[in-house]
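> What follows is the residue order along each chain.
There are 2 protein chains.
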Amino acid sequence: MTSIAFNHATVRDQADMVTFLRLCAERGLNTVSIWGDEIAKVGEENALRALCDHRMNVLGYNRIGPFVPEYLDRAEAELQRAARFGADHVSLFTGGLTKGHRDLYSARRRAEDMIAGLLNVARRIGVKLAIEPLHPMLVGDRTVIGSLTHANDLCEALGSGIGVIVDVYHVWWDERLETEILRAGQAGRLFGFHVNDWLVPTRHVLTDRGMMGDGIIDLAAIERMMRRAGFEGPIEVEIFSADWWARDPADVLDVALARCQHLFGRDIAI
Amino acid sequence: MTSIAFNHATVRDQADMVTFLRLCAERGLNTVSIWGDEIAKVGEENALRALCDHRMNVLGYNRIGPFVPEYLDRAEAELQRAARFGADHVSLFTGGLTKGHRDLYSARRRAEDMIAGLLNVARRIGVKLAIEPLHPMLVGDRTVIGSLTHANDLCEALGSGIGVIVDVYHVWWDERLETEILRAGQAGRLFGFHVNDWLVPTRHVLTDRGMMGDGIIDLAAIERMMRRAGFEGPIEVEIFSADWWARDPADVLDVALARCQHLFGRDIAI
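Protein sequences appear in the order of chains W and A. Taking the working numbering, the leading residue of the first sequence gets 41, the next gets one more, and so forth. Taking the working numbering, the leading residue of the second sequence gets 41, the next gets one more, and so forth.
Please keep in mind that the hints were generated in silico from the structure rather than gathered at the bench. There's no promise every hint is true.
[Said to hold, decoys possible] Listed below are the simulated SDA-like cross-link pairs for lysine to any residue, each with C-alpha atoms no more than 25 Å apart in a straight line:
(1) A:Lys-139 with W:Glu-215
(2) W:Lys-139 with A:Lys-139
(3) A:Lys-168 with W:His-302
(4) W:Lys-139 with A:Arg-243
(5) A:Lys-139 with W:Gly-305
Just so it is clear, the structure is predicted and the values come from calculations on it, not from any experiment.
Bound conformation, chain W alone (with noise of 0.2 Å):
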């Protein structure tokens, strides 16, 4: 039976994480995505005593990145707390060009380098690594990852302990979408699905995703799609809106079920 996630971030403006996690527990909710800001903010020994009160699951934890010089060196002990919090896995996020500089070919060379290295860390910890292709958009800025394909071939580079997460707003776009996804699940490298919309018109290219149903993103389509790869583990939804932040985050939690029964149907645990 699928179950549904929510990630942290849906709600972030308005519920810390311990409100986060009793909002979903009150729902019947067993598994959660969490950010180490997110942590921090409340204090581990908080998040982790919520968490078991809650019985929660962590799937994801958000996040190692961007990938400066400084942030690298603490990148082991995010890793050591994403352990500390049971975490099936935790996001990269490479950050994109270096201020002032153009050679697009090169940064993608150094981010993947800098993986190779952090792979062996992670592994040695006992936690995986999941790549978060994100959309073409936000490639230069926010990423120099951004497409499947590139991240499935670095993934089939690196061997085992890494893998990548499909978001429906960075990739449904894509024509190899069906492929990629296929070749991610053969090789046992779908660790996350995460869902949300495409709006039009789309008025920001960092906070504007949509609620699942809104947009015009496929989701039925692509869920079956992950299905048929052999995916197995729970539909995440992350929303990162403008609007939906300022909403009230029971509502919001309510309004996303609802959506989710509706869009992939009955037989989903939540």
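Based on the hints, put chain A in the right spot on chain W.
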């Protein structure tokens, strides 16, 4: 020797077609790309006379599309007008998903069928068709062709008389860029090369393109890819920007020419 051409869209808000042609001629240019709706504003006879008076050649004619049923009836007339203006190629603009529909796969197949039909008409009239893949952030809303790979695949399936326009704004992020430019070049399908820049931050998905040099695209590197692939045509400046539309058109042309000289070298004919 490389030459520079302007697309009328760059100064469309403050210069009608006759003014635009005069401004280009005053700067020693001999090639422009034009728009059907701008011809209609000044009248076809005036537009043709101004072209003749200034000894100006037409590179691109914009455009066929979006592919709504009522538009297809007009496509033949549009292609004939492009032929009267001596255009080297006519840009295709597929449009996005039909309102209320989300099936991108079927929309792509429909657009491909329509392009095949248009190509038969274009061959009879004697004009070439050009597919300009748009940025993935415009897929669904403005187009269903969001990569050079898709455009090249389609061209290969269709045969002669159809090629691609490489607009840096739409394709610069793509890890397949060099491969796909080379592929188009080897097939003799590189019909156009549009330059502008990607701004960080990008404030609007349609009207915030940058002047060359103000963003993060490695324009010189992409121009070298085009030349290595055998492209010998002009560098076409096409900037959709509310900021630049608000400036004096003559100044916009002068700034753009200076930027091209700086970025693409001294062997440029202007």
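> Hint check: Lys-168 (chain A) vs His-302 (chain W), CA-CA at most 25 Å. Holds or violated?
violated (47 Å)
> Below or equal to 25 Å on CA atoms is what counts here, so check Lys-139 (chain A) against Glu-215 (chain W).
Given that 25 Å is the threshold and the Cα spacing comes to 20 Å, the pair holds.
> For the pair supplied as a hint, Lys-139 (chain W) and Lys-139 (chain A), is the alpha-carbon distance within the 25 Å limit?
Status violated; Cα separation ~40 Å.
> Within 25 Å, alpha carbon to alpha carbon, are Lys-139 (chain A) and Gly-305 (chain W)?
holds (24 Å)
> Holds or violated: Lys-139 (chain W) with Arg-243 (chain A), Cα cutoff 25 Å?
holds (18 Å)
In the structure shown, a violation is registered for the earlier hints numbered 2, 3, in ascending order.
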